[in-house]
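Build the full structure now, drawing on both the sequences and the hints.
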Amino acid sequence: MIRFNQVNKRYPGGYQALKNVSFEIAKGEMVFITGHSGAGKSTLLKLIAAIERPNLGSVIVNNQNVGVLKDRALPYLRRNLGIIFQDHKLLFDRNVFDNVMLPLQICGFEYRESHKRVRAALDKVGLLKREKSNPIALSGGEQQRLCIARAIVNRPTILLADEPTGNLDAEYAHEIMAIFDSFHQVGVTLLISTHDESVLQDTEVRVISLRQGELQTASPTATPAGSRLA
Amino acid sequence: MRHTLAQIAGVLQRMFSSKLAGSLNILVTGIALSLPAGMYAMLQNAQGLVAQLSGSPQISLFLNLEAKTDDIDELRKLLAQNQAISRAEFVTRDHALEQLKVSTGLSDVVGGLKQNPLPDAFIVYPRQGDVQALEGLRNELAKLPVVELAQLDTAWAYKLEALLNFGRVAVLILAGLLSIALIAITFNTIRLQILTQRDEIEVARLIGATNGFIRRPFLYFGAIQGLLGGIMAWLIISMSMLLLNWQLEALAQLYASQFSLHLLSLEDSLTLLLFSMYLGWLGAWLSVARHLSQIEPR
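Quick note, the sequences are listed as chains A and B, same order. Per my numbering, residue 1 is the first one in the first sequence, and the count goes up by one each step. Per my numbering, residue 231 is the first one in the second sequence, and the count goes up by one each step.
In short, the hints are calculated from the structure, not lab data. Even for Gly, the Cβ is constructed at its ideal location relative to N, Cα and C. Please note that the accuracy of each hint is not assured.
One side only, chain B facing chain A, incomplete, derived with CB under 8 Å [what the hints assert, rightly or not]:
#: 1; residue: Glu430
#: 2; residue: Val433
#: 3; residue: Leu436
Which chain B residues face chain A? A few, computed with CB under 8 Å, are given here [to be verified]:
#: 4; residue: Asp429
#: 5; residue: Ala434
#: 6; residue: Ile437
Below, a list of computed lysine to aspartate or glutamate pairs in the EDC-like style, where the Cα atoms sit at most 16 Å apart [said to hold, decoys possible]:
#: 7; chain 1: A; residue 1: Lys132; chain 2: A; residue 2: Asp93
#: 8; chain 1: B; residue 1: Lys344; chain 2: B; residue 2: Glu328
#: 9; chain 1: A; residue 1: Lys89; chain 2: B; residue 2: Glu526
#: 10; chain 1: B; residue 1: Lys389; chain 2: B; residue 2: Asp360
#: 11; chain 1: A; residue 1: Lys89; chain 2: B; residue 2: Glu432
#: 12; chain 1: A; residue 1: Lys89; chain 2: B; residue 2: Glu430
#: 13; chain 1: A; residue 1: Lys89; chain 2: B; residue 2: Asp429
#: 14; chain 1: A; residue 1: Lys132; chain 2: A; residue 2: Glu142
#: 15; chain 1: A; residue 1: Lys116; chain 2: A; residue 2: Asp98
#: 16; chain 1: A; residue 1: Lys89; chain 2: A; residue 2: Asp162
#: 17; chain 1: A; residue 1: Lys70; chain 2: B; residue 2: Glu526
#: 18; chain 1: A; residue 1: Lys124; chain 2: A; residue 2: Asp181
#: 19; chain 1: B; residue 1: Lys298; chain 2: B; residue 2: Glu378
#: 20; chain 1: B; residue 1: Lys307; chain 2: B; residue 2: Glu319
#: 21; chain 1: A; residue 1: Lys89; chain 2: A; residue 2: Glu142
What follows is the structure in structure tokens.
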């Protein structure tokens with residue numbers, strides 16, 4: 001589903017965000033990417049969505065080398081991805097409902113069907129009652145859930161989440177993780193970056209660990225409980 | 231389709247959310263367009279007025295003094311067959327002398343003449359109005375037998391044509407300059423909009439919007455603003471014409487004539503609206519092409 005081959009990413013100015021990173025993620029896997037801030041977690045996710053391009057190596061998503069994808073083709077790659085941004089990137093000039101509607105509008109979804117889908121997505125994250133609110137009136141946890149609703153309304157096969165529990169207290173963080181778990185159950189491929197390893201404690205998942213742009217561990221398949229490296 | 235309507239609704243909402251800026255733009259567009267379009271309307275009226283005052287142009291054919299009745303009948307037939315001539319009127323030399331007496335008040339002088347110095351003449355009314363055709367017809371008629379002199383009121387026709395051409399060129403230059411100004415206004419408006427909607431554009435890009443999707447609302451905005459500006463220009467012109475007509479009526483009565491300015495025709499009105507819409511769209515398109523590529527999601 002997703003394969004990194006010897007990927008190097010250096011930003012203009014010389015900062016080396018990723019060094020020789022290789023790994024592979026199978027369809028339907030749920031993988032956590034851990035590491036301190038600045039370890040290259042966000043860069044790794046951005047490479048998958050072709051928001052950044054690698055300097056060396058290839059990033060293969062769905063058998064497509066997204067590193068060399070033409071600009072014209074980018075929208076269609078991104079429509080297959082659900083992205084949950086670290087800074088949420090919600091639009092405060094419209095209400096909760098219209099924020100979730102945006103991806104469907106972009107794809108030109110049929111109007112009535114898209115209404116149903118938006119409601120379903122909001123229901124999934126528990127925000128159905130807030131559909132008329134402005135996102136600015138939502139709490140941090142609610143904004144995060146709104147961002148998730150927007151990412152999943154398109155029913156993507158791959159979900160990328162950048163620090164989804166970053167600024168949330170433990171209770172909210174668990175709610176969010178439970179939502180991700182339910183997507184995992186229905187076969188969505190998930191990549192979740194986090195610097196907070198406490199959320200991993202009670203989950204049974206594969207972890208990719210980065211330190212200063214280098215891969216520390218990339219367990220080939222789902223790691224058995226207990227043998228996971230932190 | 232519903233999404234397109236929703237996009238247009240969003241554009242309108244945005245346009246009227248900043249009432250002052252939006253209406254100022256429309257007003258400026260309207261005034262700028264009303265100048266050349268108003269001048270054009272005046273020109274059309276002037277053309278109509280001149281035509282009304284002077285009637286259609288004519289060519290006078292003065293015949294040889296020796297021309298016989300047979301020659302004259304021959305010529306009459308030739309003129310009647312000519313496709314370029316709508317009709318020809320024969321004026322006998324005696325009739326011409328009578329007219330001269332009456333119209334100039336020189337009956338004493340004319341009466342003192344031993345013989346009639348005037349020739350027989352045809353007054354030819356051409357079918358076509360433009361100068362070159364008239365000149366060609368004159369040359370053709372001058373070559374006919376028994377025609378001594380063919381006189382076209384060319385000076386008058388040339389002057390009118392030159393004056394109207396001058397007016398047309400002036401209108402075109404003005405229209406050209408103001409169109410560029412309007413494109414610049416829209417360009418800048420859209421630039422500001424793109425900047426204020428930076429977040430939205432960035433997010434849309436990140437979740438798979440094509441450039442077309444992002445571009446469209448701005449193009450709609452430019453076109454709608456242009457259209458509203460055109461409507462404003464139309465209103466300005468029409469109101470001005472009505473005001474002028476009010477005064478013109480009093481003036482025309484003093485001259486015991488009837489004259490009033492015509493409003494823009496349906497065709498000209500539509501042209502004005504479509505053209506202003508196009509200008510708005512073009513300005514928006516240029517702005518979008520220039521500025522959207524600068525917004526890259528990070």
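Status of the hints after comparison with the structure:
1. At a threshold of 8 Å, the smallest CB-CB gap from B/Glu430 to chain A is about 6 Å, leaving the interface hint in force.
2. Of the supplied interface hints, the one on B/Val433 holds, with its beta-carbon coming within about 5 Å of a beta-carbon of chain A, less than 8 Å.
3. Interface hint at B/Leu436: satisfied, since its Cβ lies 6 Å from the closest Cβ of chain A, which is below the 8 Å cut-off.
4. The interface hint given for B/Asp429 holds, since its Cβ lies 6 Å from the closest Cβ of chain A, which is under the 8 Å cut-off.
5. Residue-level restraint check for B/Ala434 holds (minimum Cβ-Cβ distance to chain A is 6 Å; threshold 8 Å).
6. A distance limit of 8 Å between C-beta atoms decides the matter here; for B/Ile437 the minimum to chain A is near 5 Å, and the interface restraint holds.
7. For the suggested pair A/Lys132 and A/Asp93, the alpha carbons sit about 12 Å apart, so the restraint of at most 16 Å is met.
8. Distance hint between B/Lys344 and B/Glu328 is fulfilled; the C-alpha atoms sit about 15 Å from each other, no more than 16 Å.
9. Proposed proximity of A/Lys89 and B/Glu526 is supported: the alpha carbons are some 14 Å apart, at most 16 Å.
10. Restraint check: the Cα-Cα separation between B/Lys389 and B/Asp360 comes to about 12 Å, which is no more than 16 Å; the hinted pair holds.
11. Annotation: proposed proximity of A/Lys89 to B/Glu432 holds, straight-line Cα distance about 9 Å (limit 16 Å).
12. Pair hint A/Lys89 plus B/Glu430 holds up; C-alpha atoms about 9 Å apart against a cutoff of 16 Å.
13. Restraint check: the Cα-Cα separation between A/Lys89 and B/Asp429 comes to about 8 Å, which is no more than 16 Å; the hinted pair holds.
14. Pair hint A/Lys132 plus A/Glu142 holds up; C-alpha atoms about 14 Å apart against a cutoff of 16 Å.
15. Our distance criterion of 16 Å between C-alpha atoms is met by A/Lys116 and A/Asp98, whose separation comes to about 13 Å.
16. For a cut-off of 16 Å, the pair hint linking A/Lys89 to A/Asp162 stands: about 12 Å separates their Cα positions.
17. The straight-line distance between the Cα atoms of A/Lys70 and B/Glu526 is roughly 15 Å, inside the 16 Å bound, and the hint therefore holds.
18. Distance hint between A/Lys124 and A/Asp181 is fulfilled; the C-alpha atoms sit about 12 Å from each other, no more than 16 Å.
19. Restraint check for B/Lys298 and B/Glu378: the C-alpha separation of about 13 Å stays at or below 16 Å, so the hint holds.
20. A threshold of 16 Å between alpha carbons decides the hint, and for B/Lys307 with B/Glu319 the separation of about 12 Å falls inside it, so the pair holds.
21. For the given pair, A/Lys89 sits about 13 Å from A/Glu142 by alpha-carbon distance, which is consistent with the 16 Å threshold.
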